[in-house]
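Novice: In case you want the letters, here they are:
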Amino acid sequence: MRASNTESLAAEQLAADGGEVHGDVQRWLGIREFLGNGQARTGIAIVVVMFLFCFLGPVFYHTNETAVNLMMKDLPPSSKHLLGTDDYGFDVIGRLMRGGQASFGLGFAVAGITTVVGTLYGAVAGIVGGIIDGFMMRIIDTLLAIPGIVLLLIMVNIFTPTLVTVIFVLSVLSWLGVARLVRGEVLSLRTRDYVLAARTMGSRTGRIMWRHMVPNALGVIIVNATFSIADAITALSTLSFLGLGMAAPYADWGTMLSNGLNDLFDGYWWLIYPPAILLILTIIGFSLIGDAVRDSLDVRLRRR
Amino acid sequence: MTAYLIRRLGQAVGVVIGVMVLTFILIHMEPGSVARSILGIRATASRVAIFNATYGLDQPLYKQFWNYLDQVFHGNLGTSYYLQQPVSTLFAQCLPRDVLLLGSSTVFALIISIPMGVYQAVKRNGITDNLLTGTTFTLYTMPMFFFAMLLVSLFAVQLHWLPPEAPQASSVGGMLADPRALVLPELTLTLTQIAGFSRYMRSSVIDTLAQDYLKVARAKGLRERLVLWRHVLRNSFLPIITILGLSIPGLVGGAIIVEDIFNYRGMGLLFYQAALQHDFPILLGSTLLGGVLTVIGNLAADVAYGILDPRVRYAGK
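In order, the protein sequences belong to chains A and B. Mapped onto numbering that gives the first Met the number 0, the consecutive letters of the first sequence carry residue numbers 0 to 303. Mapped onto numbering that gives the first Met the number 0, the consecutive letters of the second sequence carry residue numbers 0 to 316.
Don't read these hints as lab results, they were simulated from the structure. Just so it is clear, CB atoms sit at the ideal spot from N, CA and C, and this is done for glycine as well. It cannot be assumed that every hint is accurate.
[To be verified] Incomplete in silico selection of chain B near chain A, CB under 10 angstroms:
#1 15
#2 20
#3 212
#4 215
#5 216
#6 255
#7 274
Next comes chain A alone, as it looks inside the complex:
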């Protein structure tokens, strides 16, 4: 499996030399830069449109999503079902809206959990330092030494795939990168003058952490969170393709796509391309936002 966004981000961060500090002015410049960036606007537009489609769409477009109707199975697109019906006789557009809600929910949940856990872990390791830091980082090294998909397969065997366990499993895999990045940031921030100043003024470690370190590491954290949304959505689709995803009544775009691929050679294109296009567009949207945030925070790029 190719390196996921977060992994490669970590690699990139390792390769680059220490991060830059951004003051308030620079952060403001960063936001302006971000909004003026065509990539960012495209990304935001894609994500917003998808969001509206999934969460507002069902208000206007009513479909039967509860009763299986095998008489209506795999119907091609018609005026009644604009994108046809699936294996259970459900309307595909209705399924896409439902599936999108699930994909977004999963992506945000995983990104949220990994961001909070990873940030805390990395910040603690970076601030405490010494043997504890070494030990905490070796745990991460160990987890990273097992290829992601291998760990995923082992863990899926332990937990029956439900929404909660899948979120848990995907989070376990993706908090590692965040923790490493935040620790790196904290290590480089620790020695800055304003942190030393705060320390000499008698600030406690907790306060230094929350007032000075986390806000300054925020850029890296946000970039990573954006990518992990995209990663989580892709990872779940891969799991369902391997037959280890969630069971039938549940649908997200990835699951719909991998189920649809079973019918690839029957010519049921409406079960394949609609979820594929929505899935890919959404991931592109989040990646564009992530790239743009990173660019707007990168002082070296801005000078050019």
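We have chain A already, so just place chain B on it with the hints.
Specialist: Same frame as chain A, now just chain B:
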């Protein structure tokens, strides 16, 4: 330098042992009995007892782990419950196939994506650059299984140009004798890797192009071709080295998706099937190998870094 190496080696051993402990705990957390999944649900209680006794599965967990460690240190990775062959034999069969598949596709991808990245960076924001960036970006975000299935559907099912299955010969030589069957798995992996590499290469070259030493090189009258070749390429290659180093353990995960789709009998397929069958020795062996390769990969990346970038070498001393 020696102290540094010793420390690195110590950490490496720690990581490998950590990997072993972790996978051991994880796979024993799997619900259901191994004996049942191998012998079938209708196996008698006595058969199950014999199976458990044969493989030491009736002993307490710490003792099982100790036995496993003892085995490993004697160079024995155990015997697959399901396939009834030594794990090392299975690895010896599968690993060369992955070296072939992943190695060659990585080389192809590098050969194509490095010049491509340089070209894109030099002519950035032109039409070609935007087209290439758009294509690689789409490819990068596309789930790999979807891309592979599209290739199968186009080249195998509709056009009948290529077989949908990888060569089934047991030796690497035999597989090479059937090159047509290798094309689709190779193509899938090469194109997806190009998508990743060229993105890095492009941004890395853009970074390098802004450096002052290029101004110096140009100011002293060096031709543009030489500037690119001597100064830009070498310096922008560094991030790729890290990524390559990180991708070496990928040999173990193999390319699970690609191997599953094309029935390519490499490490990934071996692992995937073992995971479904609770075949512990293969699972443990794979992650152990993965841990070792990760350590080697990181080390190799560091060494390559030192060779390509003298500054790193001096700092290390």
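Novice: So, for every hint listed, does it hold in this structure?
Specialist: Against the structure, the hints:
no.	hint	result
1	15	holds (8 angstroms)
2	20	holds (8 angstroms)
3	212	violated (15 angstroms)
4	215	violated (18 angstroms)
5	216	violated (19 angstroms)
6	255	holds (5 angstroms)
7	274	holds (4 angstroms)
Against the hints set out earlier in the document, violations occur for numbers 3, 4, 5.
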